[in-house]
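Position chain W against the provided structure of chain L, taking the given hints into account.
Read off the chains here:
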Amino acid sequence: MSGEEAVSAQGLRKSYGSVVALRGIDLSVPQGTVLGLLGPNGAGKTTAVRILTTLLPPDGGTAQVAGLDVVDEAAKLRSQIGLAGQYAAVDENLTGRENLEMVGRLYHLGGPESRKRAGELLERFDLTEAGKRMVRTYSGGMRRRLGLAAALVARPPVIFLDEPTTGLDPLSRLGLWETIEDRVAAGTTVLLTTQYLDEADRLADSIAVIDHGRVIAEGTSDQLKDRVGGERLEVTLESPAQAESGIAALAPMSEERPEAEDGTLRVAFRRRQGAIAEAVRRLDEAGVAVEDVAVRRPTLDDVFISLTGHAAAQDEDQPE
Amino acid sequence: MTQALADSLVLARRNLLRIPRAPDLLLSFTVQPVMFVLLFAYVFGGAIETPGFDDYKDFLMPGIITQSIAFGGFITAIGLSEDLNKGLIDRFRSLPMARSAVLAGRTAADVVTNLVSLTIMITVGLIIGFDFKTSVAHVAAGIGLLLLFGYVFSWIFAFFGLKSSSPESAQSIGFITVFPLTFISSAFVPTDSMPEALQTFADVNPFTVVVNAMRHLWLDTPAGNAVWGALAWSVGLRAIFAPLAVRTYRRAAVK
Chain L
1 MSGEEAVSAQ GLRKSYGSVV ALRGIDLSVP QGTVLGLLGP NGAGKTTAVR
51 ILTTLLPPDG GTAQVAGLDV VDEAAKLRSQ IGLAGQYAAV DENLTGRENL
101 EMVGRLYHLG GPESRKRAGE LLERFDLTEA GKRMVRTYSG GMRRRLGLAA
151 ALVARPPVIF LDEPTTGLDP LSRLGLWETI EDRVAAGTTV LLTTQYLDEA
201 DRLADSIAVI DHGRVIAEGT SDQLKDRVGG ERLEVTLESP AQAESGIAAL
251 APMSEERPEA EDGTLRVAFR RRQGAIAEAV RRLDEAGVAV EDVAVRRPTL
301 DDVFISLTGH AAAQDEDQPE
Chain W
321 MTQALADSLV LARRNLLRIP RAPDLLLSFT VQPVMFVLLF AYVFGGAIET
371 PGFDDYKDFL MPGIITQSIA FGGFITAIGL SEDLNKGLID RFRSLPMARS
421 AVLAGRTAAD VVTNLVSLTI MITVGLIIGF DFKTSVAHVA AGIGLLLLFG
471 YVFSWIFAFF GLKSSSPESA QSIGFITVFP LTFISSAFVP TDSMPEALQT
521 FADVNPFTVV VNAMRHLWLD TPAGNAVWGA LAWSVGLRAI FAPLAVRTYR
571 RAAVK
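Chains as they are written, first to last, in the numbering used here: chain L, 1 to 320; chain W, 321 to 575.
One chain only, chain L, in its complex shape:
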């Protein structure tokens, strides 16, 4: 195992009875980076996290976190990780502060240090006032912040965030993203699962797309986008009647035949520099009047659909 890797997995397999959750996945997260595990519900993301955090033994394959084996060195490994997300709950009938202090003591930080860390984290997560109240009075966003704070109590070098923003409102998501980015800037390695493409796009240095228990693609956000054919130029014509002449004018720019729909032409192209000017010049020479020209980069949604044949988040209102 290389010292540079905070998390690595080789051929992880797991079944629940006849249901196969993981069919052999490999993962690798260099220290200080963020890996996003992207996939729909039931893809196997949570199973992977549960194995990597020692909650579940794998049926096959091996994995190391912070250089420690998830099976043979599980007890030692647990002091090196923090876990937050939909499954690692906080206690509803304790206050925010009591929750963090309890977690600190269970990390064996001792009483005084646990109290100190609880105070620091409540302040950093803007929960100082709320820290005196029972968690059951908290909003969804406050709970997630407290959950993340609990994962950070012992300053672990690696944190696992299982769907950290599922069910949150946009403002709370943004706040949580910023907090995660702060931790990464401070050198923490993060493995997060998400079914939201914008979340992976924003936070992850590299992305592993999981579907039906397999990694079906991996790379940076840009690399994945390139796999669906780079950028597209969208040209809106003044008159839909000129669509055929427009297609003829733009055809030499692309290997694919441009498409036309309701007076808008779409053409895939690789070269960005000067491409817009070239398209406009060609259309002008062909006497086609142009109303608008835009470059559209493919989103991770496009990637997901082209890789799996279905959209990433089919039901967004899943229970917490």
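Hint data in this document are derived by calculation from the structure and do not stem from the laboratory. All values reported here derive from a predicted model rather than from experimental measurement. Do not take every clue at face value.
Stated by the list, open to error - Derived DEER-like restraints, expressed as beta-carbon distance ranges:
#, chain 1, residue 1, chain 2, residue 2, range
1, L, 73, W, 519, 54 to 60 Å
2, W, 346, L, 155, 34 to 40 Å
3, W, 362, L, 19, 43 to 49 Å
4, L, 155, W, 350, 39 to 45 Å
5, W, 460, L, 113, 36 to 42 Å
6, L, 219, W, 497, 39 to 45 Å
7, L, 261, W, 572, 52 to 58 Å
8, W, 492, L, 309, 42 to 48 Å
We put the beta carbon where it would ideally sit given N, CA and C, even for glycine.
Chain W only, in chain L's frame:
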């Protein structure tokens, strides 16, 4: 080992902190036993013959306290079931704490709530006319036996709590299995007033054994082997149910 003890105490403290914040739970081991003491003493008491006892209240108190303390473990059943369903167990299992601390912390917290419950019931008993007829050492030994028996039942309830799918079903499984056991015993009526088949069962029922031991320790009634029997039952039941609870915990947690 000391680490496991420290972790168990952190969780026991957490379990106790939660109780005053769940008023229904608090009522169930403070006000409810008092209600039962008063109902039995004044509603049924006059109709039940207890030869050899000055008063039904003397007969009743050791029995009803034993029943109440045995049920004290239901806090463990509900609590474990809740922790499993809400993801707290996952949180604990991802921490570098002793694995045994979850069950140990639960059952240890029950000893404290049982002691509270016991204090309240003895106080109410003394107010309505119950009287200890033995030495302080015997009374203390009785309290010790009750706490031990309650602790054993916490492990039985831990097993029920982990086997059940929700806190509500944990509560009803415990109720359906333990409640009849406590009644088909010498706790509330002399067993020789029962039909023969029930009487045979009641005489070997561990509740009868423990209640008879309690009457000996508090009222100086003839004990036979009841005190040793009560200890043997406690050790035996703990030896069966603690490993069962631990095994069920391991399985339930790895889902």
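Structure-based check of all given hints:
no.: 1; hint: 73/L / 519/W: 54 to 60 Å; result: holds, 59 Å
no.: 2; hint: 346/W / 155/L: 34 to 40 Å; result: holds, 37 Å
no.: 3; hint: 362/W / 19/L: 43 to 49 Å; result: violated, 58 Å
no.: 4; hint: 155/L / 350/W: 39 to 45 Å; result: holds, 42 Å
no.: 5; hint: 460/W / 113/L: 36 to 42 Å; result: holds, 40 Å
no.: 6; hint: 219/L / 497/W: 39 to 45 Å; result: violated, 57 Å
no.: 7; hint: 261/L / 572/W: 52 to 58 Å; result: holds, 55 Å
no.: 8; hint: 492/W / 309/L: 42 to 48 Å; result: holds, 47 Å
Violated hints, listed in ascending order, are 3 and 6; each of the other numbered hints is respected by the structure.
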